[in-house]
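Participant: Sequence:
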Amino acid sequence: MVSPTRMEEYWRKTRNLLITTLILWFIFGYVVHAFAPVLNEITFLGFPLGFYMAAQGSLIAFVLIIFWYAHRQNQIDQEFDVAEE
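Be aware that the sequence shown starts at 1, since it is given in the numbering used here, and climbs by one per residue.
Don't read these hints as lab results, they were simulated from the structure. There's no promise every hint is true.
Label-pair restraints from in silico Cβ distances [to be verified]:
#1 48 with 71: 30 to 36 angstroms
#2 45 with 78: 36 to 42 angstroms
#3 84 with 64: 18 to 24 angstroms
#4 9 with 69: 17 to 23 angstroms
#5 21 with 54: 26 to 32 angstroms
#6 75 with 46: 24 to 30 angstroms
#7 69 with 7: 17 to 23 angstroms
#8 71 with 3: 22 to 28 angstroms
#9 26 with 74: 22 to 28 angstroms
#10 80 with 23: 34 to 40 angstroms
#11 40 with 85: 27 to 33 angstroms
#12 56 with 15: 27 to 33 angstroms
Listed next, the in silico SDA-like pairs over lysine to any residue satisfying Cα-Cα at most 20 angstroms (straight line) [to be verified]:
#13 13 with 55
#14 13 with 54
#15 13 with 71
#16 13 with 69
#17 13 with 60
#18 13 with 57
#19 13 with 83
#20 13 with 70
#21 13 with 68
#22 13 with 25
#23 13 with 51
A virtual CB, placed ideally from N, CA and C, is assigned to each residue, including glycine.
Construct the complete structure from the given sequences, taking the supplied hints into account.
Facilitator: Following this line, the structure appears as structure tokens:
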């Protein structure tokens, strides 16, 4: 059985991870696209960077965020002995 103070610490870390993940999602989902006209002045692989970020970059970032989130949450679960086996 895990003590209540230890569970509070667990949920604090889990909440902070969730907030960080949502901030990253917001940045790659909205902020980068808001600067697309400015980013279009730079080219990447022959495409304007704003177009590339909208078409490919954000999707790649979202997949990386998912894997990072799952890995980090597993570390937190193992730290507090609540991991699934």
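Participant: Need the list of violated hint numbers for this structure, in ascending order.
Facilitator: Hints 5, 6, 10, 11, 13, 14, 17, 18 and 23 contradicted; others consistent.
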